[in-house]
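Trainee: Listed below are the residues making up each chain.
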Amino acid sequence: MNTLILNCGSSSIKYQFLNIEKGQDQLLAKGQVDRIGNEGSNIEQKVKGKEPIEIVTEIQDHVQGINLILELLLDPRHQVISSLNEIDAVGHRLVHGGETFSGSVIITEEVKAKIKELFDLAPLHNPSNLQGIDAMEKLLPGKIQVGVFDTAFHQTMPEKAYLYGIPYKFYKKYHIRRYGFHGTSHKYVSEKACELLGWDISTKKIISCHLGNGASLTAIDGGKSVETSMGFTPNYGLMMGTRSGVIDPGIIELLVQKENLPLKDVVKMLNKKSGMLGLSDGFSSDMRDLAEAMLDGNKDAERALNAYAHRVKHYIGAYVAQLNGVDLVIMTGGIGENNWLVRQLCLSNLDFLGIDFDIEKNKGLRGADTFISTPDSKVKVMIIQTNEELVIARETVRLVDEMQK
Amino acid sequence: MKILVLNCGSSSIKFQLFTMTDRSVLAKGLVEKIGLNGSCMKLTKENGEKVVFEGEILDHKSGIEYVLGVLTSAKHGCLKDLSEIAAVGHRVVHGGEWFNSSVLITDEVIKALEKCIDLAPLHNPPNIKGIEAITELVPDTKQVGVFDTAFHQTMPKHAFMYGIPYSLYEKYAIRRYGFHGTSHRYVSQRACEILGVDFQTQRIITCHLGNGASVAAIKDGKSVDTSMGFTPVEGLLMGTRAGDLDIGVVTFLMEKEKIGTESASTLFNKHSGMLGITGISSDARDIENAALKDGDERALLAMKMYDYRVKKYIGAYTAAMNGCDILIFTGGIGENADTTRAGICNELEWLGFDLDEIRNEGLRGKEAVISKDNSKVKIMVVPTDEELMIALDTETIVFKK
Numbered sequence: 000m001n002t003l004i005l006n007c008g009s010s011s012i013k014y015q016f017l018n019i020e021k022g023q024d025q026l027l028a029k030g031q032v033d034r035i036g037n038e039g040s041n042i043e044q045k046v047k048g049k050e051p052i053e054i055v056t057e058i059q060d061h062v063q064g065i066n067l068i069l070e071l072l073l074d075p076r077h078q079v080i081s082s083l084n085e086i087d088a089v090g091h092r093l094v095h096g097g098e099t100f101s102g103s104v105i106i107t108e109e110v111k112a113k114i115k116e117l118f119d120l121a122p123l124h125n126p127s128n129l130q131g132i133d134a135m136e137k138l139l140p141g142k143i144q145v146g147v148f149d150t151a152f153h154q155t156m157p158e159k160a161y162l163y164g165i166p167y168k169f170y171k172k173y174h175i176r177r178y179g180f181h182g183t184s185h186k187y188v189s190e191k192a193c194e195l196l197g198w199d200i201s202t203k204k205i206i207s208c209h210l211g212n213g214a215s216l217t218a219i220d221g222g223k224s225v226e227t228s229m230g231f232t233p234n235y236g237l238m239m240g241t242r243s244g245v246i247d248p249g250i251i252e253l254l255v256q257k258e259n260l261p262l263k264d265v266v267k268m269l270n271k272k273s274g275m276l277g278l279s280d281g282f283s284s285d286m287r288d289l290a291e292a293m294l295d296g297n298k299d300a301e302r303a304l305n306a307y308a309h310r311v312k313h314y315i316g317a318y319v320a321q322l323n324g325v326d327l328v329i330m331t332g333g334i335g336e337n338n339w340l341v342r343q344l345c346l347s348n349l350d351f352l353g354i355d356f357d358i359e360k361n362k363g364l365r366g367a368d369t370f371i372s373t374p375d376s377k378v379k380v381m382i383i384q385t386n387e388e389l390v391i392a393r394e395t396v397r398l399v400d401e402m403q404k
Numbered sequence: 000m001k002i003l004v005l006n007c008g009s010s011s012i013k014f015q016l017f018t019m020t021d022r023s024v025l026a027k028g029l030v031e032k033i034g035l036n037g038s039c040m041k042l043t044k045e046n047g048e049k050v051v052f053e054g055e056i057l058d059h060k061s062g063i064e065y066v067l068g069v070l071t072s073a074k075h076g077c078l079k080d081l082s083e084i085a086a087v088g089h090r091v092v093h094g095g096e097w098f099n100s101s102v103l104i105t106d107e108v109i110k111a112l113e114k115c116i117d118l119a120p121l122h123n124p125p126n127i128k129g130i131e132a133i134t135e136l137v138p139d140t141k142q143v144g145v146f147d148t149a150f151h152q153t154m155p156k157h158a159f160m161y162g163i164p165y166s167l168y169e170k171y172a173i174r175r176y177g178f179h180g181t182s183h184r185y186v187s188q189r190a191c192e193i194l195g196v197d198f199q200t201q202r203i204i205t206c207h208l209g210n211g212a213s214v215a216a217i218k219d220g221k222s223v224d225t226s227m228g229f230t231p232v233e234g235l236l237m238g239t240r241a242g243d244l245d246i247g248v249v250t251f252l253m254e255k256e257k258i259g260t261e262s263a264s265t266l267f268n269k270h271s272g273m274l275g276i277t278g279i280s281s282d283a284r285d286i287e288n289a290a291l292k293d294g295d296e297r298a299l300l301a302m303k304m305y306d307y308r309v310k311k312y313i314g315a316y317t318a319a320m321n322g323c324d325i326l327i328f329t330g331g332i333g334e335n336a337d338t339t340r341a342g343i344c345n346e347l348e349w350l351g352f353d354l355d356e357i358r359n360e361g362l363r364g365k366e367a368v369i370s371k372d373n374s375k376v377k378i379m380v381v382p383t384d385e386e387l388m389i390a391l392d393t394e395t396i397v398f399k400k
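Respectively, the protein sequence lines represent chains G and R. In case it helps, numbering that gives the first Met the number 0 puts the first sequence at residues 0 to 404. In case it helps, numbering that gives the first Met the number 0 puts the second sequence at residues 0 to 400.
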């Protein structure tokens with residue numbers, strides 16, 4: 000079954016076109032629309048073994064953007080499809096499913112109304128996600144669309160884990176609680192690792208570390224998420240490229256008062272100027288730059304990376320305590336998969352927890368599904384390359400199949 | 000030798016008078032509602048007799064004058080003359096990055112304390128008032144400041160920095176400070192004394208669970224991490240404080256409820272935590288009663304949340320120190336609430352924490368080991384005594400240096 004997978008942001012659309020057949024899933028094309036509504040808007044599409052196609056043109060909205068995607072899929076230079084009928088279904092990455100969605104869904108009017116109700120919880124993401132769905136409806140009316148939520152996997156967290164220590168009425172009134180994100184990735188890598196190990200996931204305790212530009216850890220007990228480090232918003236938990244992660248709420252008060260900044264500017268600073276960028280005193284938000292600089296003796300980079308790793312360690316320890324043990328720790332995401340120094344800082348000196356990290360094997364390793372613990376390590380440690388689009392495509396096919404049964 | 004220990008809050012003064020030779024308490028008490036209606040002083044004498052004195056107490060100076068007067072009075076006093084007080088030790092909340100240990104109070108020290116007011120606007124001013132009152136009333140008596148933050152000054156940078164622009168650390172000294180340092184220091188040293196092990200070689204996690212609550216990781220005699228942060232609101236769930244909170248929640252609530260930063264601060268400091276979740280009380284005993292006797296679901300939930308957060312910090316610090324030798328419970332809840340200790344330690348044996356249910360059950364306010372004999376980590380209850388620690392520091396600094 001051919002699926003078009005869309006990830007619609009406020010000014011960009013990432014897409015992949017995948018053929019999902021049991022045992023031999025195939026990526027046929029991938030691309031990205033950028034700078035929607037801005038000057039220099041463009042689209043680029045890549046197909047294996049062919050020259051990429053790039054077009055710079057005015058793209059005013061998501062309808063135009065998706066229209067261009069369909070045109071490029073039909074483009075004879077890439078020959079991905081020869082008719083739009085070859086697209087069997089469309090899958091969307093949707094950020095926030097609130098407490099309404101604990102799994103993937105076929106998009107209906109009712110589902111769209113519920114996504115709208117959740118705008119308050121994800122004001123930056125859900126509106127653009129919905130624009131993508133609406134655009135698709137306009138361009139390919141009647142085509143089956145599926146929504147896969149970033150938050151859905153974490154809906155199994157227990158109450159004691161997802162509630163904040165604030166008056167309970169705010170949970171009832173505004174649904175303020177921890178939701179967690181990256182669910183699709185955490186689910187994928189935990190299942191993939193068990194598949195590779197020949198393990199029954201329902202009997203295992205796993206901690207997955209999705210370290211990308213955004214970053215979160217999840218504790219997975221018997222295949223279910225029981226705890227994750229992101230919260231009500233994605234700016235909770237770990238430090239990230241430009242996000243602060245958890246800070247003392249008292250800091251917000253001080254900044255508003257001392258810097259005389261409006262609250263929204265403080266929030267912006269904590270999301271865009273903080274994290275690794277802030278802690279390295281403006282050196283870089285990019286872990287590759289920071290790791291290279293740290294190896295060259297740059298103190299700003301070293302401080303930022305050490306603080307980053309310290310937090311990751313905190314969460315690993317906290318989740319081992321919460322799970323009362325752990326069988327497997329997974330590193331994934333752009334940084335987890337590719338940055339050996341960050342992995343080393345996060346995972347060495349944890350032998351009391353049964354984690355015996357293989358420093359030599361890890362060094363220089365990137366982009367491979369493999370072990371980075373020593374053969375004797377009580378707890379296995381693996382790198383697993385995440386593939387959120389593949390999960391969305393598989394979920395799309397699963398739901399379409401179910402519907403057609 | 001006699002040492003007076005003072006803990007001056009915004010509208011209260013706690014005091015204890017020690018005889019240092021046997022560390023006994025000659026008198027202790029509390030001045031309440033300073034500058035408010037119904038101000039009074041409560042005294043507990045050495046023989047346990049309690050006396051309440053009512054009268055108008057307008058400010059800290061008159062409060063301390065009152066205390067000194069009662070301590071030297073013929074009827075209720077225990078001193079012939081104020082000159083018997085060899086030194087005064089003050090609990091000071093915030094020493095910023097200026098103080099990493101207790102200090103003899105000098106004009107310079109007072110200047111530095113004034114610089115810390117920005118960091119602790121509620122606490123440092125009354126602390127300073129207390130010092131100034133003593134200077135005026137008994138000018139020749141040496142005074143020592145013992146800081147809540149000082150013990151945590153050994154934290155490494157990777158533990159005390161927040162993920163915010165570095166310039167904000169340089170400009171406003173925004174960082175993790177941690178509090179309850181005197182308590183964490185006292186109970187960790189005391190535990191090593193009891194066990195007969197060297198404080199300088201142990202990995203210790205101390206849980207100070209009172210109305211305020213914090214966990215500290217202590218490695219080789221030094222605090223290396225703690226759960227309270229720039230302010231005491233961070234970390235664990237507390238009586239009325241929220242603890243760890245998504246900044247998105249802070250800003251969402253400020254926008255939706257149309258409140259400013261001050262009201263938000265009040266919300267997260269005074270109306271959150273156990274009180275906020277249960278809607279019943281901030282008092283752990285009330286909540287436990289509601290949960291266990293009346294089956295109140297929200298109270299039960301709050302207890303679970305409380306235990307769970309402590310447990311996560313224990314795991315986090317075990318990871319950060321790559322192990323743990325001793326886990327200590329202290330503070331009003333830590334010393335007395337066996338159900339809370341059991342809830343925290345439940346299913347932690349994979350990490351080497353194996354609580355002995357029988358030793359734990361019913362144990363209140365006593366020094367004891369409550370882990371099983373074969374537990375990899377020793378779990379202990381050690382009642383805290385911050386006042387004694389302050390008196391000991393004062394004695395050392397004034398007379399032994």
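For the record, the hints were derived by calculation from the structure and aren't laboratory data. Don't take each hint at face value.
Facing chain G, according to a computed beta carbon distance under 8 angstroms, are these residues of chain R, among others [stated by the list, open to error]:
(1) Gly76
(2) Ile109
(3) Ala111
(4) Ala158
(5) Met160
(6) Thr250
(7) Ser262
(8) Thr265
(9) Ser271
(10) Ser280
Here are the in silico distance ranges between beta carbons for each label pair [to be verified]:
(11) R:Lys49 - G:Leu123: 36 to 44 angstroms
(12) G:Lys111 - R:Lys255: 46 to 54 angstroms
(13) G:Pro374 - R:Val196: 33 to 41 angstroms
Backbone N, C-alpha and C fix where the C-beta goes; we use that ideal spot for every residue, glycine too.
Trainee: Going by Cβ atoms only, is R:Ile109 closer than 8 angstroms to chain G?
Mentor: violated (23 angstroms)
Trainee: Using Cβ atoms only, decide whether R:Ser271 comes closer than 8 angstroms to chain G, and label the hint accordingly.
Mentor: holds (5 angstroms)
Trainee: Per the hint of 33 to 41 angstroms, is the separation of the Cβ atoms of G:Pro374 and R:Val196 within bounds?
Mentor: holds (35 angstroms)
Trainee: Given R:Thr265 as an interface hint, is the shortest Cβ-Cβ distance to chain G below 8 angstroms?
Mentor: violated (10 angstroms)
Trainee: Let me know if the C-beta of R:Ser262 comes in closer than 8 angstroms to any C-beta of chain G, holds or violated.
Mentor: Violated. Min distance 10 angstroms.
Trainee: At a threshold of 8 angstroms, is the proposed contact between R:Ala111 and chain G supported by beta-carbon distances?
Mentor: The hint is violated - R:Ala111 has no Cβ within 8 angstroms of chain G, the shortest such distance being about 19 angstroms.
Trainee: Min Cβ distance, R:Ser280 to chain G: is it shorter than 8 angstroms?
Mentor: violated (13 angstroms)
Trainee: Per the CB criterion, is R:Ala158 less than 8 angstroms away from chain G?
Mentor: holds (6 angstroms)
Trainee: Hey, does the R:Met160 contact hint survive, CB to chain G under 8 angstroms?
Mentor: holds (5 angstroms)
Trainee: Do the numbers back the hint for R:Thr250, that is, is its least Cβ distance to chain G under 8 angstroms?
Mentor: Status holds, d = 5 angstroms.
Trainee: Regarding G:Lys111 and R:Lys255, is the given constraint of 46 to 54 angstroms on their beta-carbon distance met?
Mentor: violated (24 angstroms)
Trainee: With respect to the beta-carbon atoms only, verify the hint that R:Lys49 and G:Leu123 lie 36 to 44 angstroms apart.
Mentor: violated (60 angstroms)
When the structure is compared with the earlier hints, violations turn up for hints 1, 2, 3, 7, 8, 10, 11, 12 and for no others.
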